[in-house]
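Protein chains: 2
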Amino acid sequence: MQMKEFMRRASVRPFLKKARFGLERESQRVTLQGELAKTDHPSILGNREFHPYIQTDFSETQVEMITPVADTAKEMLRFLAAIQDVTMRSLPKEEMLWPLSMPPALPEKEEDIIIAKLDKFEDVLYRRYLAKEYGKRKQMVSGIHFNFEFADGLVRQLFNEQTAISSFDQFKTEIYMKVSRNFLRYRWLVTYLYGASPVSEARYFENEPKPEEPVRSIRSSKYGYTNHEDVTVSYESLETYVQNIAEMIETGKLSEEKEFYAPLRLRGGKKMSELATHGIRYIELRSIDVNPFERLGISEEQIQFLHIFMLYLLWTEEKHSADEWVAIGDLLNNQVALENPLEQTELLEEGEVLFAEMLAMLEELELTEEAELIRTLQKQLTSPEDTLSGQLLKESQASSQKKVAVAFAQNYYQEAHERPYQLAGFREMELSTQILFFDAIQKGISVTVLDEMDQFLKLQHKEHVEYVKNANMTSKDSYVVPLMMENKTVTKKILAEAGFRVPKGAEFANMEEAQRAYPEFAKTAFVVKPKSTNYGLGISIFKEGASKEDYQTALEIAFAEDTEVLLEEFLPGTEYRFFVLDGKVRAILLRVPANVVGDGERTVEALVAEKNQDPLRGTHHRSPLELIQLGTLEKLMLKEQGLTVDSIPENNQVVYLRENSNISTGGDSIDVTETFTDAYKKIAVDAVEALGAKISGIDLIIPDQTIDPTKEANAYGIIEANFNPAMHMHIYPYQGTGRRLTMDVLHLLYPEVV
Amino acid sequence: MQMKEFMRRASVRPFLKKARFGLERESQRVTLQGELAKTDHPSILGNREFHPYIQTDFSETQVEMITPVADTAKEMLRFLAAIQDVTMRSLPKEEMLWPLSMPPALPEKEEDIIIAKLDKFEDVLYRRYLAKEYGKRKQMVSGIHFNFEFADGLVRQLFNEQTAISSFDQFKTEIYMKVSRNFLRYRWLVTYLYGASPVSEARYFENEPKPEEPVRSIRSSKYGYTNHEDVTVSYESLETYVQNIAEMIETGKLSEEKEFYAPLRLRGGKKMSELATHGIRYIELRSIDVNPFERLGISEEQIQFLHIFMLYLLWTEEKHSADEWVAIGDLLNNQVALENPLEQTELLEEGEVLFAEMLAMLEELELTEEAELIRTLQKQLTSPEDTLSGQLLKESQASSQKKVAVAFAQNYYQEAHERPYQLAGFREMELSTQILFFDAIQKGISVTVLDEMDQFLKLQHKEHVEYVKNANMTSKDSYVVPLMMENKTVTKKILAEAGFRVPKGAEFANMEEAQRAYPEFAKTAFVVKPKSTNYGLGISIFKEGASKEDYQTALEIAFAEDTEVLLEEFLPGTEYRFFVLDGKVRAILLRVPANVVGDGERTVEALVAEKNQDPLRGTHHRSPLELIQLGTLEKLMLKEQGLTVDSIPENNQVVYLRENSNISTGGDSIDVTETFTDAYKKIAVDAVEALGAKISGIDLIIPDQTIDPTKEANAYGIIEANFNPAMHMHIYPYQGTGRRLTMDVLHLLYPEVV
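In order, the protein sequence lines correspond to chains A and B.
In terms of the working numbering, the first sequence is residues 1387 to 2140.
In terms of the working numbering, the second sequence is residues 1387 to 2140.
With the rest of the complex left out, here is chain A (with noise of 0.2 Å):
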């Protein structure tokens, strides 16, 4: 095929950075000190018979971090941070993820490694072959698997272009053939740079061979994890690999196709039989090393370089035959893999040829955005103490290869539980969303993010699907109940006749009409407000009562924010916040306004700088509680009690720095669902079911909580109920326990899971 000549064409330009990424990336859990865990795996992390984010691969301490496909190196990224974030804060307090791919020192018996404990019989049976057959201490070894395929619309432009073959099945799997094969050749380079296993901790190796100094790749050599010698499969063709796999399955060489270890595999789909229906439809490169300087064990610019390095694959000519040329790259990689990590390699000569090529390519194919890249990388070639495996060697050197991962693995520990109510890869959206979606990949629940601004997900386990947006609206809540909610006369009249108490009240269309109902209200206790803009702008209260001038003053003022105005019964007392979750009240929140205590030392200014230091304290709803200012709102408030942020408030005294008291001014949540009997909670939860919502945060006014709202009408007022009530408050309070309000919506949703 004359590649280089269609991969040349304009067609096929805009399409040639297109492509589908995948990954998974194991890792043994070890305790804060670098000793292999001895626990099970945390059972909090949902059922392994399904989890398609976090399983566990051939013992019980090797957690593997699986992937969904991605159109982008970033998005693939982090989506792996996300589940790698889920597993490091579901795994116990005292445990961490190891990070290399060697694993840390191994138990002295061999019967202390424990077989990945799963429910199917069979699985448990292959791993007990596997043991046999290798050993426990060779399967401990943790990698990562990379997935790649080429955008569909490049294939295609490229099959388009070209006339030899005629079914684009066909030309596809040609495509894989060619690039795989050239993989098989180049990839000791892969393993020069990104070969990060140069030594072995303790017992891994027992009485067999190992490298007696350091290497590049131990796990890429001959001394890592590869099948018996006798297990050989030509990439000839798809037929002929297809063909030897079953043949070495046949004489019992390999117990089942995943029993082959190769450095990449031809994937037509879940299962190698529908590579030979399908054809193939994308690779797996599994020679990679776990990178211990990044978290994630692996970073964007490696993943941008085996991109382009996929590119040249497919763009460049083979210049052996088959088997030939595959032969020499296994050759010349386990050499490679041997080197020592901080001397110059002998296929250096090579090297230069390849980056030479991959440059020119990049300049004939306009991608020059990658091409910085290409020549830091290439620096590494004179450089070896710049690859991975020469800087971990270095690293260690200075003290030792454990105390180098435990630091690591201690870091990475400290950024994951850092804010736990955040998810990595996802903070910029909304709180509650964060915190679902955390919960959702936990327990295995599929999750696609349609729209990330918008908060919208998309949740899927096995063929049951579900939309959540804002994580609280959801399909068991009907299309009127939130428009109920959202129109508060209509939400007032409905809970008035289901027979709770509402503020009475009355809506005027005209100054005239309002005038005229003053005595009604005059000597009572009443609130004007504009109808539509509910604690904003226009809102006079009347604690006792009103004169007629003043009546008529707040009329004009709500007046000027609506051309409809309410006027409505105040009631005094606490206002709380219940929120109601498929017929229970799951969590009851109190607000504060922003404050702070005196001690009789420190300025106010001081206190707040203090109270700000909270880490569940910051800006823009992306923490639970939000920093306290000391703007002018503040100080006005600060000099109506004549104060302002250079006193010291005496030891005890509260002050406060604002009237409202919005968590997002930073006002402090305290749950106190505790501390309210049944009855409250009783009311709650039947207003909530009288608007027939499933999800609702109702806020109600009680003046003493103490009193049984049973046998008191007026113990108790309902303001208002919300249809988009912010559950992250009630997760992570300033006070009181935290309540888990996602997973009660994940329950709603799933209960056959969670």
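Be aware that one or more of the hints could be misleading.
Chain copies aren't distinguished; within one or between two, either way the pair holds.
[As the list claims (entries may be wrong)] The calculated SDA-like cross-link candidates involving lysine to any residue, where the alpha carbons are at most 20 Å apart (straight line), are:
hint : residue 1 : residue 2
1    : LYS1644   : GLY1408
2    : LYS1879   : ALA1456
3    : LYS1862   : ALA2076
4    : LYS1997   : ASP2032
5    : LYS2097   : ALA1882
6    : LYS1909   : PHE1392
Note that these hints are calculated values from the structure, not bench results.
Since this is a predicted model, take the numbers as computed values, not measurements.
Based on the hints, put chain B in the right spot on chain A.
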């Protein structure tokens, strides 16, 4: 009781004008010529077994319209207007409502007066008994029953002011007993002012005695529809009232309570037995004739007067013992009823006293707004020709009462049919809501307007409550569905994944990224648009690719509107709106931009003026079509075609006045439901199902509807799915068959009724 004093108290004042109202209006169905109808009660009006609004009284031709209880007269009357509108438009085209209390000419044979064909045999039996006891002819008279209740607040404040009676219910009963006796004593004034049955039509009277001269009110006189003389009930107390009626029934003088044809009934609830347990809850005034000068048979002014009259009857003290007081009233009422309508009443003096006292009361209570009305009515005491009976008689003398009645009836008929898409009383609501409201009344589903400006209705049939907003937002759709549709990206993703053809596209959050995509789109047909404003500003269409400069400009325009920009494949073809409800395509609409068709004679301006004559065209979305404008945009569009408003287009030349096909800018709606094959309908249905929606208007681009979409993948493309699709444009299209989608919505909500 010192009622006057209590009513003057400040605590009572705000509540004086508060009350609750309800009304029943009877009317005979007649032909357009004024002959009694021979048809059955229209079956389209649903089931009389439960219909809350439209019933039949004694005969099959006698419609009874019943309003729900309302807090204001205005509210009650607008609902009556709606019910009457529905009734009139549900009759056969050649029928109308008779506008008089006295029936039209009755059949010669009594057997041709048909007793209402009710389902329940006991109801039929009762009417048969009445026919035998009073004669069928007497039963054919119609009237207004007016239910009146003082506001609970008023009665409560009065109760609080006094100490004599300790039970609130007892106090309330006393109040109504007083008002009732006073009403019976002074009701002659109502007969004087509002009596409107001066003359009977043919065969109402047969051989029995009858007035020989015109009178004020046959119906309210002894010649009206009254009980036999041996039926006497004392209003001394609630106990005597209840006991006397019970005795009458026991002794067979009455068959049941409802046969008690008093001018005023005490009401405790639906059944008389409730009187004994709860006391009086409201009173029913039954002596009001139908006012032929009013479309609804009664005016707001009449109700205002009756309201003040009720206050006066509470205010003024009784001057004799109960039975005597009532007996005098009966006598005086009969006397006034039988006076000549054009002559001065014998009771002028008492009348002057009553008006003077009413005015004095209004002044004392500072209800000055009402004084004007009272003064106007006061004048009628000395100008009997201005009373209803006076006016009617005078007008009848010029031709005949029948001719006058027919003219009125035809006039009201005309009004009801003028704008068949609107619902009287609720014309400010959105058109689709008006139509759904109409259909609900027609089928006997109770409607409560929860928020008029927000198009929020509560529907109820027995215990089954449904809330509906905008006539199409219901409990049948889930919360997430409209959120999915609102987000075009999410909609497209879901549809694409389900295998539907949607315009391919990409989303960009910055200029750089978007520029990089140029090669992919350069030579294709595509659209650049801001993400959130669909069909709004910032859209550029490239039907044959774009130069790099034009592409850049389009991006700049789009990014000026939003922070995210979509690039989307441009799908050529015609856009059709498929309205899908409950898994079926109910209507397909083609929208054509505002246009006129030339005739070779008239100017564009004249053609537009003529097209705007269509009664379906109006303004502000209160008509199914909008008036075509000749504004800046239209003139520009003409200019582009080398025309002005004064140009004379050739015969059959189609001149477009707009580029966009929106109905809101004068476009034509054309129903094309029948022209599509099932294959296209299935696509629409399946797509809506993929989105999980029950109700949606989904827009398909179809280049050629003769192409089989099951064979040709590009036969269609889905543009968007609408979660608030306008229904009225399908119901009253410019061309083609109207589709009663609102009835489909009702069927979805109430399969047990519709």
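Status of each hint after checking the structure:
Only within a single protomer do LYS1644 and GLY1408 lie at most 20 Å apart by alpha-carbon distance; the minimum there is 18 Å, versus 81 Å between protomers. Proximity of LYS1879 to ALA1456 under the C-alpha cut-off of 20 Å is restricted to the inter-copy arrangement: shortest distance 15 Å between copies versus 49 Å within a copy. When the C-alpha separation of LYS1862 and ALA2076 is checked against a cutoff of 20 Å, the pair qualifies both within a copy, at 15 Å, and between copies, at 17 Å. Proximity of LYS1997 to ASP2032 under the C-alpha cut-off of 20 Å is restricted to the intra-copy arrangement: shortest distance 16 Å within a copy versus 75 Å between copies.
For the identical chains of this complex, LYS2097 and ALA1882 are intra-copy neighbours only, at 18 Å inside a copy versus 57 Å across copies, given an alpha-carbon limit of 20 Å. Taking the shortest Cα distances, LYS1909 and PHE1392 sit within 20 Å of each other only across copies (19 Å), while inside one copy they are farther apart (87 Å).
Figure legend: structure checked against the earlier numbered hints; every hint is met.
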